[in-house]
Amino acid sequence: FDLQKPETYADIPRVLRKNRKISEELAEYMTKLAKFRNVLVHDYLYINKNEVFSQFEALPENIRRFLQEIKNLSQGR
Numbered sequence: 009f010d011l012q013k014p015e016t017y018a019d020i021p022r023v024l025r026k027n028r029k030i031s032e033e034l035a036e037y038m039t040k041l042a043k044f045r046n047v048l049v050h051d052y053l054y055i056n057k058n059e060v061f062s063q064f065e066a067l068p069e070n071i072r073r074f075l076q077e078i079k080n081l082s083q084g085r
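Sequence positions in the sequence shown follow the numbering used here and run 9 to 85.
It should be emphasised that the hints constitute simulated quantities derived from the structure, not laboratory data.
Source: prediction; values computed, not measured.
Every residue gets a Cβ at the ideal spot worked out from N, C-alpha and C, and that includes glycine.
It is possible that some hints are incorrect.
Estimated spans, in silico, between C-beta atoms of each pair [as the list claims (entries may be wrong)]:
(1) Ile78 to Lys43: 34 to 44 Å
(2) Lys26 to Asn70: 18 to 28 Å
(3) Lys57 to Gln83: 39 to 49 Å
(4) Ile71 to Asn27: 33 to 43 Å
(5) Gln76 to Lys26: 33 to 43 Å
Derived PhoX-like pairs (lysine-lysine); straight-line CA-CA distance at most 25 Å [what the hints assert, rightly or not]:
(6) Lys57 to Lys13
(7) Lys26 to Lys13
(8) Lys40 to Lys26
(9) Lys13 to Lys29
(10) Lys57 to Lys40
(11) Lys13 to Lys79
(12) Lys26 to Lys79
(13) Lys26 to Lys43
(14) Lys43 to Lys57
(15) Lys79 to Lys57
(16) Lys79 to Lys29
(17) Lys40 to Lys29
(18) Lys29 to Lys43
Between the sequences and the hints, there should be enough to build the whole structure, so can you do that?
Encoded structure:
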């Protein structure tokens, strides 16, 4: 792929979406997840346990969606 280099983790899904590599819905989820990663790494003492559970509960399905979209992309769909 000839894509611009993302500057942050949160930029990765934005760049992929801008170049029509992933869906808008998946890009939004991945952006939220990347930002949540920063909270986990830097503000872990103040994290809401319910938010952690909610984020990780949705993770398996969204990883499957991401992999399927990348697979479709690699197959030219």
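Against the structure, the hints:
Distance hint check for Ile78 and Lys43: the Cβ-Cβ separation is about 21 Å, which falls outside the suggested range of 34 to 44 Å. In this structure, Lys26 and Asn70 meet the distance hint of 18 to 28 Å, their C-beta atoms being roughly 19 Å apart. The hinted window of 39 to 49 Å between Lys57 and Gln83 holds, with their beta carbons roughly 40 Å apart. A beta carbon spacing of about 20 Å between Ile71 and Asn27 contradicts the range 33 to 43 Å that was offered as a hint.
Between Gln76 and Lys26 the CB atoms are about 20 Å apart, so this pair departs from the stated range of 33 to 43 Å. Simply put, Lys57 and Lys13 have alpha-carbon atoms about 33 Å apart, too far for the 25 Å limit, and the pair is violated. With a C-alpha separation of about 12 Å, the suggested pair Lys26 and Lys13 falls inside the 25 Å cut-off, and the hint holds. Of the pairs offered as hints, the one joining Lys40 and Lys26 holds, with about 16 Å between alpha carbons and a cut-off of 25 Å not exceeded.
Only pairs whose Cα atoms come within 25 Å are accepted, and Lys13 paired with Lys29 is accepted, the gap being roughly 14 Å. Between the alpha carbons of Lys57 and Lys40 the distance comes to roughly 16 Å, so the proposed pair stays at or under 25 Å and holds. For a cut-off of 25 Å, the pair hint linking Lys13 to Lys79 stands: about 21 Å separates their Cα positions. Using a Cα cut-off of 25 Å, the hinted pair Lys26 and Lys79 holds, with the two alpha carbons roughly 18 Å apart.
The hinted pair formed by Lys26 and Lys43 meets the criterion: a straight-line CA distance of about 18 Å does not exceed 25 Å. Between Lys43 and Lys57, the direct Cα distance comes to roughly 16 Å. Compliance with the 25 Å bound is thereby established for this hinted pair. Taking the CA atoms of Lys79 and Lys57, the gap is near 33 Å; set against the 25 Å cutoff, the hint is violated. Restraint check for Lys79 and Lys29: satisfied, since their Cα atoms lie roughly 10 Å apart, inside the 25 Å limit.
Annotation: proposed proximity of Lys40 to Lys29 holds, straight-line Cα distance about 18 Å (limit 25 Å). Distance restraint check for Lys29 and Lys43: the Cα-Cα separation of roughly 20 Å lies within the 25 Å cut-off, and the hinted pair is therefore satisfied.
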